[in-house]
Amino acid sequence: MVSFGSSTYSKRLLPLVSWSHWFTFFNIIASILLSSLYLFNEASPETLLGKLYLVMTWLSHMSFLTFIGFVLLIFPLTLIYPKTRFIRGSASLVFTLGLLLLLLDAFIYSRLGYHLNASSSDQIIALIQTQIADNSCVFWFVSVLLFISILVFQLVVSNYAWKHLRQLQKTVFARFIVMGLVTAFFISHLLHIWADANLNYDILRQDTVLPLSYPSTAKTLLTKYGMFDKDDYIARKTSPLSFTDVLPTYPELNQQCAQLKEVEQSAILVLTDRLLDEQQISQFARRATSNKLQLTNHIDNALPKDAWFNLLYSLPSIYKQGVVEQNKKPLLFSALTANNLSASLTVVDELKEAMSDLPAALLNYQGLFDEVSHLKDISSLVLSQRLNHLSTGLHIFYFTASDHYQYELFIDALLLSQKNKNNKDIVWISSVGNKTEETSLTIKPALFILPHENEQEIHHLTSHMDIQPTLMKHWLACDISAGSYSSGKDMVKINNDRVIANTMDNGMIVFNKDKSVFIDQNGNFQSYSRELESPIMVSSDFPLMIDGVHFIKSFAQQQKVTNK
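Everything in the sequence shown is counted per our numbering, starting at 1 for the first residue and increasing by one.
Keep in mind that a hint or two might mislead.
[Unchecked claim] Below, a list of computed lysine to any residue pairs in the SDA-like style, where the Cα atoms sit at most 20 Å apart:
(1) Lys-473 to Ser-290
(2) Lys-163 to Phe-107
(3) Lys-515 to Val-538
(4) Lys-51 to Leu-260
(5) Lys-560 to Val-323
(6) Lys-328 to Glu-371
Just so you know, the hints here were simulated from the structure itself, not pulled from any lab data.
With the hints as extra help, turn the sequences into a complete structure.
Quick look at the structure:
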C-alpha cells in the first residue's frame, strides 16, 4: 500500500517538477526583457568595466529573483499538492502577478528614483492616485491590457512546456544559458567587491538600478544625484554637500506681482532663537482674537548661520552661497519694494550694545530691510503704542534667548494691540535656528495667525520655507507658483503628507510624518526619539533619503524646466 501510494505520488510529482523548471526558465527570459525598462532610466556607464558589470548584474540579478520566486512559491506548492491543473494555473497566476509587480516597480523607479518599499508608501500611493486622477480611463485600460497580455503569455508558455516536455528535456541549449547566468552572478559580485574596495563610482552607482538592491553608502547615492563631485569621489569624503550642476538663477519678480491691489494689513514675524514648546504655542493661540493655524508638526532644521536664509528665501541651505552671490532679493521683498511697502527688522538683545553687534547670521540680509534697529528692551515698543501704528509692510522682531521673558511680554502686547485694529495683521510666532545638530531633528511647533482664513490645526509637515509662499498668496494676493521661487508650499493648501529636507555642512536632514533622520557623508543614519528626547541610530532608509534629495533639488529642477 505505501509503496503503491509513493509510486503514484512520484509519477505525478516528477513531470510537474520538470515542467515547473522549464516554465520558470521562460519567465526568467521574460523578466530580463521587461527589466530592461530600468536601464532606459539610467545613464550608460562610462567605462568598459562599468558596462560589463551592468550587463552581468542585470542578467544574473533578474534571473536570481525569478528563480527565488519559483523556489519560495511554486516548488513548495508542487510538493504539497501535485495536481497538474492546479499547479499550472497557480504558477501562471503567480508569475503574472510577479511580472505586473515588476512593471509597477519600474514605473515607480522612473518617477521617484527608488523601488517599491514600505517606508515611502505615502509617496508611492500619492503617485498612483495622481495617475488615476489625471486620466483614469487610460490608467485602467493599460493595467487591464497588461494583465491580460501577461496572463495569456503565461498560459501559452505553460501549455507549450507541458506538451513539449520530452523534447525540452532532450535539449542542451538551456544548460549553457543557465551556466552563463550563474557565471554572470559570480562575476558581478566579484566586480562589486572590487569596486567597493577601490571606490569605483561607475560600478557602485548602479546599486540602486534593479529591484531589491540598494547602495552600500549614502555618499554613492548622493553622488549619483549630483550632490557630490564624482571626479573627486574619494577626496570629498568629509567635505560639505554642494551641487555639481550649475546653480539655477534666482527668478525676477513678474509684472503681475509688481502691481498689486492696495495692501491694508501688515505681516509681523516674531522670532526667537530659543526653542518653543507646544504648551507655549497653545497659550499664544488662546490669546489671539483672529483665526489661526496651529502648526503641530512644524520644523526648522538649520543651524543659525543658515536658518535665516531658509526663512527669507524659502530654499534649502545648499542654495545659500550661489543665491546670495547673485545679489537678488527674495521674491517677497521684491514685491514689497515694487509696491512701496516697508520692511523692517528689530533685534531685541539686552546683552548687546549696538547694531555692530548684529548676529552674524543676519549680516548678509541687512540690505533687504528699509529699517534695521537694535533694542535692549521692548519698552519703547510697548509704552509708546508703536505696535498700533506700524507702517504697512513686513516687520520682523527677533529676540535672543536671553530675552525670552521679554519675548512673551511682547507677544502679549502685540496680540492685545490687534484687538483694536479693523484690519488685523498677519502674525507669525516661532523659533529660528538650532544651537546643535540634535535639536535640528526635533519638531518646532509654531503659530500662524491669518485673519481672513479658516481656523485649523495643521498636522502635516510644515517648515520655515513655507512662510514666504503663504505670505505671497494670502497677504499680497500674488498668484505665482511657489515652486518657481522656493521649495516651500502654501501652508493653507497643504493636505497631504510630504517629505521635507535640508542640508548641513556634514550631511542632510530629512523629515517625514513619522521620523526625522540625519544622514552624514559616510552613510550613517541618525534619528531622534521624541519619547527618549535623544538621538538614536536607525537602519539605512535610502528611499527616504532619495525623497529628501528630490525635495532639495526641486527648485533647481523647476528652473531647468522654466528656462527651456
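(request) Go through the numbered hints given earlier and state which of them the structure violates, listing their numbers in rising order. (result) 2, 4
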